[in-house]
Amino acid sequence: MAVPTLLVLVVLAFVLMRLAPGSPFSSERNLPPSVEENLNARYGLDDSLGEQLLRYLGNLARGDFGPSLYYSDHDVADLIREGFPTSLRLGLAAMILALGAGVTAGIAAARRPGGMLDHLLMGVAIAGISVPNFVVAPLLILVFAVWLGWLPASGAGPDASLTAAGMVLPVVALALPQFAYVARLTRASMLEVLDSSYILAARAKGLPERTILLRHGLRPALLPVVSYLGPATAAVITGSVVIEEIFGLPGLGRYFVQAALNRDYFLVLGVVVFYGLLVVIANLLVDLCYGLLDPRVQRQ
Amino acid sequence: MSAAGNSVAVGATPAGSGWRAFFNQSRGVRVCSCLLLAIAVLVVFGPLLSPYAIDQVDWQHIAQGPSWSSGHWFGTDNNGRDLYVRTLRGGQISLLVGICATAISLLIGVSYGAIAGYAGGRIDQVMMRLVDVLYAMPFMFFVILLMVLFGRNLLLMFIAIGAINWLDMARIVRGQTLSLKHREFVDAARALGVPAAGIIRRHIVPNMMNVVVVYASLAVPQMILVESFLSFLGLGVQEPMTSWGQLVSLGAREMESAPWMLLFPASFLAVTLYCLNVLGDALRRYNDALAGSLRGAA
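Listed in order, the protein sequences are those of chains V and X.
The first sequence begins at 0 in numbering that gives the first Met the number 0 and counts up by one.
The second sequence begins at 0 in numbering that gives the first Met the number 0 and counts up by one.
Looking at chain X on its own, in the form it has when it is part of the complex (with noise of 0.2 angstroms):
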């Protein structure tokens, strides 16, 4: 379980199973899935709307508040940049980040714990033992070092950051893969030769997506989190690309005179990794009852 283990549902039963029940657990849940779609759409359409170009400077509308006749609905940033475009393009980089980062952090952590798991034994160990000497270190700081290192490309800012989650992401699943490993079904492959790698990818895997999934959907909000914190020490992307933590990095500098600078990409920020962690433990908790109901079924 994860830091923030929350295994006692709060009432929450689903009748049934499915997107329906998900949904109806709680209003919280049909909320944070509405503002999240909207900032999804908004942050993948939102930019053709207006005649900005992100890197586009009005020399009429420097440090402008935002007002509807400029064209400049969120304002313009100190270099008269319209902070609209800036705000929804800054989010499809936080958010491609997000699904990236996870992506890798799930390639890396499914893999290993899978194998781990399945070897046992002495490989299981000393596997698990590297787990859990990187556990013991700091590791936002490897992460900074390599930023400032080598430099500041997208993918391996994508690397780098997937590499931070798939520590907790392998222990969960090793953990899966045990009590996997010996079921029926698995011995049934091994006695028809299917070999090793074919029963982790073909038998394994596919049988404890359902809690991949969950841990997979709270460690998006954090990949999004790690990639604002490095843009807001100046080492995610780089102009004339920017992102969320870029630009609450900016507007906190110019807060006295231009609060809105700091106001909007902070709140589109605030809101969407709210949303994202509630989301999470809804999902969590929905996954949690099912497997109690599943159990209590049998």
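For reference, chain V alone in the conformation it holds in the complex (with noise of 0.2 angstroms):
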């Protein structure tokens, strides 16, 4: 499941950026034809786009990005080494977040369905779903950082390394929508677990509330929880595209954009790899992680 799955991005996206009108190097000034075409031949972009695609391919096997066309003398791999780490704290970071705070909220609203609790969680959820992140950091950045002061606005300091303190606003406004997921169906979850006889059973012989939802009911519930993990991985990548434009972090999700504009070739298709690898990894941890939670699936 993973190789075809990456095999048709790799193959979606060179052939999306081949499809594209322009040139990478048509953009910077006019350079003259013969100019042009050396730069062609040096970096293999004269031969027919089924041999690219190829080497390409059997580049990428070997694990080799090709070299960045826009930012020369530099390899993709290299700019991914130093993009990533700021990128990878900042989406860990979040998803620890949401998770932690999601499952604690979504155990909190169903202890009372239609109660005051459960009521003011969902509504923040409800908010935390519709309202995007690029709505909310901004609006995080006016409040704590221009009108309160408490927090810095840009995540980086002066020295472009990353602060503690800068971190909170970029970790919370990127988390928020994740949170807010995993809070509504923990507690959707949560309810149709609390529903079944064998939480009767528990009751019944009167055991107290909270081992009831920690020991018995929490196991079950996590379930829909542990398989929304592998599109929450996928969504916080590409909110952390936005976060770190308006926060000013030095991570990879910028290079996205501007490395498309650019018609970076290598490096577009590089983080989109990249990323891509990281998606397909996070679903086969879910996977996993499933099995380990549900000795039902391992049977099967």
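Hints may contain errors.
[To be verified] Estimated spans, in silico, between C-beta atoms of each pair: (1) V/L6 x X/F149: 20 to 26 angstroms; (2) V/P32 x X/V40: 56 to 62 angstroms; (3) V/S33 x X/Q124: 49 to 55 angstroms; (4) X/A102 x V/N58: 41 to 47 angstroms; (5) V/T103 x X/G291: 55 to 61 angstroms; (6) X/V132 x V/T103: 33 to 39 angstroms; (7) V/G247 x X/R26: 27 to 33 angstroms.
[As the list claims (entries may be wrong)] Derived list of chain X stretches under chain V, where covered just means 3 residues or more per stretch with a C-beta under 8 angstroms from a C-beta of chain V: (8) 33–40; (9) 172–186; (10) 216–229; (11) 263–269; (12) 275–288.
By construction, these hints were calculated from the structure, which means they are not laboratory data.
Quick reminder that beta carbons are idealized off the backbone N, C-alpha and C, glycines included.
With the hints as a guide, bring both chains together as one complex.
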């Protein structure tokens, strides 16, 4: 499943890039045709598309992402290595926050469905789903950085290093929609589980509510949440494109749009492949976790 | 079920059916319906009330806050353009995208899912495996690529955005088709010699309209969100046209000196999406409860 997905991903991105008008060398200044021919030959862009695609796939299989056409003297692998740690830290922190807070909120809401807390939490959750994070992010900056002055507006310090205080707002902005999804999923599946007969049996035994919720209810209720983690990874990656832009974080997401505008073929492909790989790995991990959480899955 | 699957109703059992029962579900439903109606009316007719045009520069009032006397009810942006008109005209684009893109995703998703489900067997397997493969992809990246590479025309944007959501729709429709295709009335139609296309169009699709409508209503806010995301990145609609996402993006750059440039479009976008989501949710709960009571009665 993973290999064909990646293959389709690479081929689609490759074809799309090449169908588009414009070339990587046309934007800077008007190059004499001979120079452009030389450049094309240097990067192997004058062969037939099929040959180029095969060569690219071959290089990829050996872990070679190719050179960047725009940032000359940089390999795509170098640029990814440079930008990814920032994106990873941001994304991981957001995922952990979304999961922790979301599951907690979901359980809290499911304890008394229809109650005050339930209405409040689910109201917040719908807001988190509806209001896009590129709206939340500037509002957070406006309130906490400009008006109150509690936190810095930019994630990166003066020497482009990340500060813990500077990461708070971007992480919160990135986590909010995922928090909302996780909370809703947890609540819905928790309610379904709490309705089942073995919970009734646990209640009849007189187990304390806490044990019922956390020991008996939580594990099956987490299954839908776990299967949502794959899409959540993809959403966090997409979200990081704007969040990094807004907070001026030197991550990988920022490269993507700029690289596509520059027709930096190998950089765009590299980022797509890299992120595609991440999503595929996340989906694999999810499948594994699913088996761990639910023994019935393995028997099939 | 979508990621936000929420099949357990919060004490919502509609007494009877129809619009009245839907609106009686909760106060939130009524408030959101009214808000949404107000926004829609304002967006469609509101620009007519203002003397300013969307790209008209008022040199006397550049980056001015909201004021009643100047006629700039929402203030002006840093080019002296009236923000009231721009916010509402931007809303026209955003709402249009929401509706058109949803229509496109419905068209693709319903026909794909119905064909796969009705054909069954190997065709079904291949078609759904393709959906699985596409599902695992970071789809936004392709939309961004499409928009960057092929210029920014409105039609392409509708198609690109609509093309994201059809996967969910296709899965749901396929499931529904599977459960419908062995019902008596389908067998009867087949026995009468109705061709497959006719059966799908006349007998299968109309019978799952309630489910499709529920998911379409939840897709509209998603589509608006994607459009504003693209516009925020500068890849959506182009000047002099505008949309909420683009206005938010412009406002975010000026928020320290002119916070109203951010706050007006941001609140319009947020309130619209919030209401659409609440209504979509309510519609689903209503539909679930209705299906439950029908099953109970049978």
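### Message
Tell me the hint numbers this structure goes against, listed in increasing order.
### Response
Of the numbered hints given earlier, those the structure breaks are 5, 7, 8, 9, listed in rising order.
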